[in-house]
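Asker: Below are the chains, spelled out letter by letter.
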Amino acid sequence: MKKIESIIRPHKLEELHTALQEEGFYGLTVSEVRGYGRQKGHTEIYRGSEYNLEFVPKVKVEIVCASNQCETAISIIMNTCRTGEIGDGKIFISTIDDAIRIRTGEAGREAL
Amino acid sequence: MKKIESIIRPHKLEELHTALQEEGFYGLTVSEVRGYGRQKGHTEIYRGSEYNLEFVPKVKVEIVCASNQCETAISIIMNTCRTGEIGDGKIFISTIDDAIRIRTGEAGREAL
Amino acid sequence: MKKIESIIRPHKLEELHTALQEEGFYGLTVSEVRGYGRQKGHTEIYRGSEYNLEFVPKVKVEIVCASNQCETAISIIMNTCRTGEIGDGKIFISTIDDAIRIRTGEAGREAL
Amino acid sequence: MENQITTEITNNLFTINNLWMMIATALVFIMHLGFATLETGLTQSKNTLNILFKNSIIPAIGLLTYAIIGFSLMYPGESFAGGVFGFAGFGIGTDAAGLTSSYNIGYTYWTDFLFQGMFAATAATIVSGAVAERIKLSSFLIFATIFVALAYPITGMWKWGGGFLDTLGFYDFAGSTLVHSVGGWGALTGVLFLGPRAGKFVKGKIHPIPGHSIPLAVIGVFLLWLGWFGFNGGSVLSADPGLVSLVFVTTSLAASAGAIGAMATSWTFLKNPDLTMTLNGILAGLVGITAGADLMSPADAIAIGFIAGVIVVFSVIFFDKVKLDDPVGALSVHLVCGIFGTLAVGIWGEKAGLDQLWHQFIGVISVAAFIVPFTAIIWFILKKSIGLRVSAEEEYSGLDIGEHSMEAYPEFEKVS
Amino acid sequence: MENQITTEITNNLFTINNLWMMIATALVFIMHLGFATLETGLTQSKNTLNILFKNSIIPAIGLLTYAIIGFSLMYPGESFAGGVFGFAGFGIGTDAAGLTSSYNIGYTYWTDFLFQGMFAATAATIVSGAVAERIKLSSFLIFATIFVALAYPITGMWKWGGGFLDTLGFYDFAGSTLVHSVGGWGALTGVLFLGPRAGKFVKGKIHPIPGHSIPLAVIGVFLLWLGWFGFNGGSVLSADPGLVSLVFVTTSLAASAGAIGAMATSWTFLKNPDLTMTLNGILAGLVGITAGADLMSPADAIAIGFIAGVIVVFSVIFFDKVKLDDPVGALSVHLVCGIFGTLAVGIWGEKAGLDQLWHQFIGVISVAAFIVPFTAIIWFILKKSIGLRVSAEEEYSGLDIGEHSMEAYPEFEKVS
Amino acid sequence: MENQITTEITNNLFTINNLWMMIATALVFIMHLGFATLETGLTQSKNTLNILFKNSIIPAIGLLTYAIIGFSLMYPGESFAGGVFGFAGFGIGTDAAGLTSSYNIGYTYWTDFLFQGMFAATAATIVSGAVAERIKLSSFLIFATIFVALAYPITGMWKWGGGFLDTLGFYDFAGSTLVHSVGGWGALTGVLFLGPRAGKFVKGKIHPIPGHSIPLAVIGVFLLWLGWFGFNGGSVLSADPGLVSLVFVTTSLAASAGAIGAMATSWTFLKNPDLTMTLNGILAGLVGITAGADLMSPADAIAIGFIAGVIVVFSVIFFDKVKLDDPVGALSVHLVCGIFGTLAVGIWGEKAGLDQLWHQFIGVISVAAFIVPFTAIIWFILKKSIGLRVSAEEEYSGLDIGEHSMEAYPEFEKVS
Ligand SMILES: Nc1ncnc2c1ncn2[C@@H]1O[C@H](COP(=O)(O)OP(=O)(O)O)[C@@H](O)[C@H]1O
Ligand SMILES: Nc1ncnc2c1ncn2[C@@H]1O[C@H](COP(=O)(O)OP(=O)(O)O)[C@@H](O)[C@H]1O
Ligand SMILES: Nc1ncnc2c1ncn2[C@@H]1O[C@H](COP(=O)(O)OP(=O)(O)O)[C@@H](O)[C@H]1O
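Protein chains in written order, with the numbering used here: chain G, 1 to 112; chain B, 1 to 112; chain R, 1 to 112; chain D, 1 to 416; chain Z, 1 to 416; chain P, 1 to 416.
Just chain G, same shape as in the assembly (with noise of 0.2 Å):
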C-alpha cells in the first residue's frame, strides 16, 4: 500500500479530484500548507517597509491506494497539475504499512 503525497498548486485541486474520481479513485485528503522549492514567494511592502514572504500557499493532497493503482495515480497527478512553469509542485511516495476503516474495522485493501 503506498501514500502518495502531491503538492500542488490550489487552483488546481479541483481538475485533479475530478479527475481522480473519474478513474475510480474514491478517498482523498487535502490539507492547507505553505512551502518553497524552485518557486518562492513574494515581496510585500507594509506601510513603507519591505518584507519576503518566501513560503507559497499550496495544497497537499495526500491518496492511500494499493501499490498497483499507484502508476495510475501519479499518471493523474502529472497530467492535471502540470502547467511547465516553475511551482507546479511535486510528489512524494512513501509505504504505508495498513489501512483501517474505522467504521467497519476492515483492514488492509478492504479499508480503501
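If you are wondering where the hints come from, they were derived from the structure by calculation, not from laboratory data. Treat each hint with caution, since some may be false.
[Claimed, not checked] Short derived list, chain R residues pointing at chain B, Cβ under 7 Å:
#1 Ile7
#2 Val33
#3 Arg34
#4 Gly35
#5 Gly37
#6 Arg82
#7 Asp88
#8 Gly89
#9 Lys90
#10 Ile91
#11 Phe92
#12 Ile93
#13 Ser94
[Unchecked claim] Between beta-carbon pairs, the in silico distance windows are:
#14 Arg38(R) x Phe85(P): 56 to 62 Å
#15 Ser67(G) x Gly195(Z): 43 to 49 Å
#16 Phe269(P) x His42(R): 43 to 49 Å
#17 Ser75(R) x Lys203(D): 46 to 52 Å
#18 Gly195(Z) x Thr94(D): 49 to 55 Å
#19 His42(R) x Ala369(D): 46 to 52 Å
#20 Glu15(G) x Ile386(D): 54 to 60 Å
#21 Ile381(D) x Tyr396(P): 51 to 57 Å
#22 Lys203(D) x His42(R): 20 to 26 Å
[Claimed, not checked] To list a few chain Z residues with every Cβ distance to chain B over 10 Å, as calculated:
#23 Tyr75
#24 Asp95
#25 Ala96
#26 Gly98
#27 Thr100
#28 Gly169
#29 His207
#30 Ala264
#31 Met277
#32 Val313
#33 Val316
#34 Gly329
#35 Ile347
#36 Leu354
Here a beta-carbon is modelled for each residue, glycine too, at the ideal position from N, C-alpha and C.
Got chain G sorted already, so can you dock chains B, R, D, Z and P with the ligands onto it with the hints?
Answerer: Just chains B, R, D, Z and P with the ligands, lined up with the frame of chain G:
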C-alpha cells in the same frame, strides 16, 4: 516505531485525546484537513446557483509510538471514534525510522 | 530518500528556514498544527467557566532530502529550534520511496 | 399678525421636536445592527449566517406587522375600550392634521409610527440571541411575527397606550419592562422549551462555547450604546433641552458604571478581566437606567448602572448553573436588568418611595403574567407542529449549511 | 420690531432646516462605509484590500472633483444656458448671503455643496462593486474621476439643475435614475468591457464565487439603510415635518417589503432562504422607492418595495444567465431597480398616470443615451491605452498582492 | 406679549442649538468605536481582545472621572484663580438655570458636560494605540485614569477654560493641540518607556508586523471621519448655519485631500498604493484641520489636508527609522499632524500672520512642557512599581491569553 495517522470526525477529537491520555499516550499532533471517502460533502447554493462541496471537514491525528503500543492506540481510536455511520474515517499506519526530542537530543523510544 | 518531519515552535520557523537555505536545502513544506507532548496548553475562562486548551499551536516542517543529507538537516534543526525549555518539539524521520517533480517529470534525487 | 407669529413659533418648535424624533428613530434603527453583530460575535461561526438572517429580517417583519396591526393595538386612542385591550383597526394613515402640531407638539403621525415601530422590532431581536444556534428558522420567524404583532403591542398599551398600568401609576420611561423584560420573558420561555445547545452541559459540567468574533461583539455594543441615545433620548418625545440632555447624561453614566461594575466583578470574583462580561455590563447599565432615565441624578444613574453591572455577571453565572443556555446573555441583560431597572424607579430618583416600588412591582408581575403563558403557548404549538429545534446532525454541522445551504465564511471551509 | 421678530423666526427655521441637511449629509457620508463593507463581504478575501482602497479613496475623489468642477456643472444657476449643459466656473465659494436664508430657506451654500458632493461620490461607488476582483486599480481610479467629475453632474443637471428633463415634467425625487441608474449604466458598460472573473463561467456553467464574509455584507446593508434616511430624507431639502417623516416611513416600509419580497422569492423559487438575496432585496426596495419617496402612501411603498425585492432576485439570476459577471449584484440593485423605481412614479402615488409614466420613460432613456456611450468611450480608451484588466496570474493570486503588495488578512497567509 | 414672543424665539433657538450639540456628542461617542476598530485592525489577532478591552473601558473611565473631577478642572468658572490651574469642586450638578439659555445659548449644562466628557476620553484612546501589543493591562488602566482625570483637563483649561493660552491669543478651534497633541505626547513618552514590540527591530532592520484585519481598520477610519463632523462641527458650540456648515466642508475637504496626499506620496515614494497610509492620511487631514476648521477657505483646507497627508507618510517612516514602535501610527497622526495643524492657523486662513504663528508655537510648547514630564513621571512610577510591560513569553503568545485568559477568535485556535 510507528506513526498512526487517523482521519476522524472533528467533534470526536476531545473524546479521543482524553482516552489516549488515560491510557498513557502523552503526545499527539492534530491538523485540520478536508477529504472524502465513502462520505461526500453537500450541495451549497449561492445567489441561485448550486455547487458541490465534495470535501468534508475532518481532523487528522498523528500519534507516533513504539511498535508494540500500536495495537492499543488503534483500539482506543476504534472505540472512541466509531459511530457506525459513513464518515467515521480511516487509520493509516506507517513506519518511522527514528524520533528525536529537540530539547534534549534524545532519540528513539526515549524521545517519545 | 528521507522525510524529516519536525514539529517546532512557530516563531522559530523564520530562523530555521534561513539556516536551511544557507546550507543548501532548497525546499520545504510547512503546515499549522496543534499538539501536545510534555508541554500542555493553558486554561481559558469564558464568561465565568474555565476550560482547558491542552493543544499548543505548533508548526510542522517537512523536508524531503537525500538520505546522506539527513544528518545535516537534523543538526540544523537542533541548532536553531532548541531553547532547552519544554515545548521545543520533536523530529520524526521516515523513508520516502520516491519523489517526482511535476513540472518536468524528473524522479528520485533529481526531483529534490 | 400676532396670531400668525405665534403659529410660526409653534411650527418652528414642532419642526425641531419632530427632527429630533426622526433622528432618534434612525438611532433606534441602528440598534438592530448592534444586536446583529453582538449576537453574531458571541456565537459560533457555523451559525453566523443564520443569526444574521434572523436579525436582518426582524426589522422588516417588525415594521410591516406594526403598520398592519401593532400600532393600532398599542395606541388605539379613541376606540380604546377598557384598560387591557384596544384596537383601532388595520393599517396606518393620517389626515393633514397628523402632520401638524395639533397631532402632537413633539412629532407627526408618521414619525410617531416609525419611532414606535422601531421599538417593536427590538423586542423580537432580544429573543433571537437567547435561542440562537439551535432553533429552526421557520419556527423562529413565526414566533417573531406573532410576538411583535400581538404580544409586544398589547402589553405596551397597558402603559404607553394609556391602559391600566398607566392608570395605576406604574412608571417605565423608555421600556425596561415594556421592551426589555417583554423580550426577556419571551427569551426565557424559548430557552426552556428548546433546551441547551448540544455540548453545553455534559455530565453536569459547564462546557463554554466561546463566541467566534470579539470584534463583532464590541461593534455591537458600541452601536447599541449609540442607539440608546435615541431609545432613551427619543422617549422624551420632544427635543426639550433640559430633559433630553439629562437623559443623555444618565444613560451614558449608567452605561459607564455598568462597564466598571462588570469589569470589577469579573476581575475580583472570576480572576479575569472578562471583556464579554464588561460588554454585558455596559448593556446592563443601559437597560437598568431605561425605566427612569429622566428621573435620576448623575449619582443615581451611576449607582443603578454599577449595580446592574454587578448583577449581570452573577446572573450569567447563575443561568449557567441552572442549565439555562443563553449564548449571548440576553436573559441576564434584558430580563434580569430590565426588572432591576423597573424596580430602581421606586428606589432612586424623583419618584422613589414604597408606593412607587409597589407599582413597579405590579408592572413587572403583570407583564410576566401575560407574556410567559402567551409565549409558552406559541412555543408549545410550534414544538408540536413543525418542531422547534434543528436535528442533532444539523446542529453539529451548523445552521448555516442546514437552514440556508450557505456559509458565512465560505473560504475557511473551501479548499481552493 | 415686528420685522426683527419675523427675521428671527425665519432664522430659526433656517437653522433647523440647515441642521437637518447637515445631518443628512453625514448620513449619506456613512453610506460610503456601507458600500465598502458590502462589496468587501460579497467578494473574495484576496481582493479585499483592493476593494477597500477604492472605496476609501472614492469619497476623496468625489468631494474634490465636485468642489473643483462638479458642483458648477450640476447647478450652474445664472450662467446656465440651454437645457443640456451649463457651467458656472471652477471652484466653490460664496459671499455672506450664501450663509443666510436668502440663499435658500433650507440650507447654506456650504451645506448645499457638501450634501450634493456626498451624492456624487456614491455614483462611482456603485460601479466599483460591479467591476470588482479584476479591474486594474489605476484604470478604475481614472474612470471614477472622470465619471464623478463629468458624467454624473451633467445628467444630474438635466433634472435637479433645472435642465430639459425638469422642464419636461420628469420626476426623480432622490435619484433612482440620476444616481442609481447613472451608476448602474456605468457599471454595465464596465462589466461588458471587462468580461467575467476567471472561473465564473466555465464550459457554459455558472460557478458561484461566494463572498468571503457575510457579517461585513450585513453591516454594509444596515449602514446603507441608515444612510438612506439622509439620502431620501435630505432630498426634501428642508426639515419639513410632514414631508420628511413621510419619506422616512415610505423608505423604511419599502426596504422592509423588499426584504420580504426577496426572501419569499428565494425561498420559493430557489428553495433556499438566501441571505445575500434578502440583503439585495432591502437595497432593491430602497432604490425602488427613491424616485417617489415623497409621493407614496404606505401601501404604495410596500407594493413598490415588495416588487423590487422580487425583481432583484430574478435579475441576479438573469445576469448570471447572460454571463454578465457582477460580484455584488450592483446591476440588479441599482440599474434594474433604479429603472423600476423611476417608472413606479408613473404607476403608484400622487403623480401616477400615463403622461407621467411617459415622462419617466423619457428620463430613463435620456440618461442611458448619454451615460452608456460616454462610459463606453472611457472604458474603451482605457482598454486600448493602459489596459483595463489585471493579468490572469494577478487575478488568480489576488489584487491585494498584485496591486498593493499587501494583504487584508496577512495572518491567514503567513506562517509564524 | 412681545416679551413672551422674544423668549419663545430664544427658547426655540436654544432648543435647536442644544439638539445639535447633543447629536454632536453622539457623533464624538462613535469615534471611540472608530478608534477601537482602527487599532484592532492594525495590530495582531493575538492582542485583539486586549485592545478592545481597553477601548471599551476607556469611555467609561473617561466619563466617570470627568464627572467626578475633570469637568471642574477644565471649566472651573467662577472659582477659577490664575491662568494655569483652577478647580470648582468634585462632582457635577446644576440648578434649573443650567437647563435654560441663561446658562448658554448653545446648550444646557448637561449637554456641556457630556460633549466635553466625550472629548476627554478620546485623549486616552490615542495613547492606547501607540502602546498596544506590549503594555500591561493594569498599568495602562491606571495611566489612562490619571491622564484623563488630570492631565487632559488641566491643559484643556489653559485655552478652553479661559486660562493663560486663551489670554495670549493662542487659537485651537477643536483641539489639534488640546486633544490630539496631548494624546500624542502621552503616547510618545509611553513608547519611549515601553520600547518596541519584540521582533519589530532586529539587528538594526525594520521587520513590519502587519495588522491582522484591514476591513476593521477601514471601518474605524470611516467612523472617525463621521465622528469628526461632531468633533469639529460641535466645537462651534451652537447650530449656527454658516459656521457649522463651513466647518463640515473644511473638515471633509481636508480629509479628502489628506487621503490623496498620502496615496500620492506612498505611490510615488514607496512604489505602492498603501491603504494603511491612505487611511492615516485621512486622519492626518482631519487632525490637521481641527485647530482652524472655522477659519479656513476650501482651498486652505485642501492645502492643509494635502500637506498633512504627505507629512504622515514620511512621519511613519521616520518613527520606524528612529526605532520608536507605534503599531497604529498614532504619533504621526495625532502628535505630528496635531502640531502641524496648530501651526497652520498662523499660516493659512483668517488669522494667518507671524504673530499668530508665534502664539500657536507657544501653545504647542506649553502643552508639551507640561504633558511630557507629567506622563513621563506616571510611566516611570508604574515601571518601578507594578511594571509596564508584559513578559516576553506573554508578548509572544499574545496579551489576550496572557491578560484575559481568552481569545478574540477562539475558533482559529481550537481544533474541534
Ligand atoms: N525538498 C522538499 N521537501 C519538502 N517539500 C518540498 C521540497 N521541495 C519542494 N517542496 C514543496 O513543493 C512545493 C512546490 O515546489 P516547486 O518550487 O513548485 O518545485 P519545482 O522546483 O519542482 O518547481 C513547494 O512549495 C514545497 O511546499
Ligand atoms: N484512499 C484515501 N486516501 C487518503 N485519505 C482518505 C482515503 N480514503 C478516505 N480518506 C480520508 O478519510 C476520511 C474519512 O473517510 P470516510 O468517507 O469516512 O471513510 P469510510 O468510507 O470508511 O466511511 C475522508 O474524508 C478522507 O479525508
Ligand atoms: N508521540 C507523539 N506523536 C505525535 N506528535 C507528538 C508526539 N509527541 C509530541 N508530539 C508533537 O510535538 C510537539 C512538541 O512536543 P513537546 O511537548 O515540546 O515535546 P517535549 O516533551 O520533547 O518537550 C507537540 O505539541 C506535538 O505536536
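Asker: Could you run down the list of hints and mark each one as holding or not?
Answerer: Going through the hints against the structure:
1. Here the hint on Ile7(R) is kept, as its CB sits about 6 Å from the closest CB of chain B, short of 7 Å.
2. About 4 Å separates the beta-carbon of Val33(R) from the nearest beta-carbon of chain B, less than 7 Å, and the hint is met.
3. Among the interface hints, the one on Arg34(R) holds; its C-beta lies about 5 Å from the nearest C-beta in chain B, closer than the 7 Å criterion.
4. With its C-beta approaching chain B no nearer than about 4 Å, Gly35(R) sits inside the 7 Å limit, and its interface hint holds.
5. Residue-level restraint check for Gly37(R) holds (minimum Cβ-Cβ distance to chain B is 4 Å; threshold 7 Å).
6. Annotation: interface hint on Arg82(R) holds; nearest CB of chain B at approximately 5 Å, less than 7 Å.
7. For the restraint placing Asp88(R) at the interface with chain B, the shortest Cβ-Cβ distance is roughly 4 Å, inside the 7 Å limit, so the hint holds.
8. Interface hint at Gly89(R): satisfied, since its Cβ lies 5 Å from the closest Cβ of chain B, which is below the 7 Å cut-off.
9. The restraint placing Lys90(R) at the interface with chain B holds, with a minimum CB-CB distance near 6 Å, inside the 7 Å limit.
10. For Ile91(R), the interface hint holds, since its Cβ comes within 7 Å of a Cβ in chain B; the closest pair sits about 4 Å apart.
11. Because the closest C-beta pair between Phe92(R) and chain B is about 5 Å apart, less than 7 Å, the hint holds.
12. For Ile93(R), the interface hint holds, the least distance from its beta-carbon to any beta-carbon of chain B being 5 Å, beneath 7 Å.
13. Because the smallest distance between the Cβ of Ser94(R) and any Cβ of chain B comes to about 5 Å, under 7 Å, the interface hint for this residue holds.
14. At about 60 Å, the beta-carbon gap between Arg38(R) and Phe85(P) stays in the expected band of 56 to 62 Å.
15. Between Ser67(G) and Gly195(Z) the CB atoms are about 47 Å apart, so this pair conforms to the stated range of 43 to 49 Å.
16. Roughly 44 Å separates the CB atoms of Phe269(P) and His42(R), a value that falls within the hinted 43 to 49 Å.
17. Distance hint check for Ser75(R) and Lys203(D): the Cβ-Cβ separation is about 49 Å, which falls inside the suggested range of 46 to 52 Å.
18. The hint said 49 to 55 Å for the Cβ distance between Gly195(Z) and Thr94(D), and at roughly 52 Å that hint holds.
19. At about 48 Å, the beta-carbon gap between His42(R) and Ala369(D) stays in the expected band of 46 to 52 Å.
20. Roughly 43 Å separates the CB atoms of Glu15(G) and Ile386(D), a value that falls outside the hinted 54 to 60 Å.
21. Distance hint for Ile381(D) and Tyr396(P): a CB-CB separation of about 56 Å, consistent with the stated range 51 to 57 Å.
22. The hinted range of 20 to 26 Å is satisfied by Lys203(D) and His42(R), whose Cβ atoms lie roughly 23 Å apart.
23. Annotated as non-interface, Tyr75(Z) keeps its C-beta farther than 10 Å from every C-beta of chain B; the closest such distance is 39 Å.
24. For Asp95(Z), the non-interface assignment is confirmed: its Cβ lies about 53 Å from the closest Cβ of chain B, beyond the 10 Å cut-off.
25. At roughly 54 Å, the least C-beta separation between Ala96(Z) and chain B is larger than 10 Å, which holds for a residue marked as non-interface.
26. A cut-off of 10 Å between C-beta atoms confirms that Gly98(Z) is not in contact with chain B; the least separation is 48 Å.
27. No beta-carbon of chain B comes within 10 Å of the beta-carbon of Thr100(Z); the shortest separation is about 51 Å.
28. The beta carbon of Gly169(Z) sits about 38 Å from the closest Cβ of chain B, which is more than 10 Å, so the claim that it is off the interface holds.
29. With 10 Å as the threshold on Cβ separation, the claim that His207(Z) sits away from chain B is violated: the shortest Cβ distance comes to roughly 6 Å.
30. Distance check for Ala264(Z) against chain B: the nearest CB is about 14 Å away, which clears 10 Å, and the non-interface claim stands.
31. Listed as a non-interface residue, Met277(Z) fails to keep its Cβ farther than 10 Å from every Cβ of chain B; the least gap is roughly 6 Å.
32. Not every C-beta of chain B lies more than 10 Å from that of Val313(Z), the closest at about 7 Å, which undercuts listing it as non-interface.
33. Not every Cβ of chain B is farther than 10 Å from the Cβ of Val316(Z); the closest lies at roughly 6 Å, contradicting the non-interface assignment.
34. Its closest Cβ contact with chain B, about 7 Å, brings Gly329(Z) to no more than 10 Å, contrary to its assignment away from the interface.
35. Consistency note on Ile347(Z): stated as away from chain B, and its beta-carbon is indeed over 10 Å from all of that chain's, at 27 Å minimum.
36. At the 10 Å boundary, the C-beta of Leu354(Z) stays outside the reach of chain B, the nearest C-beta of that chain being 35 Å off.
In the structure shown, a violation is registered for the earlier hints numbered 20, 29, 31, 32, 33, 34, in ascending order.
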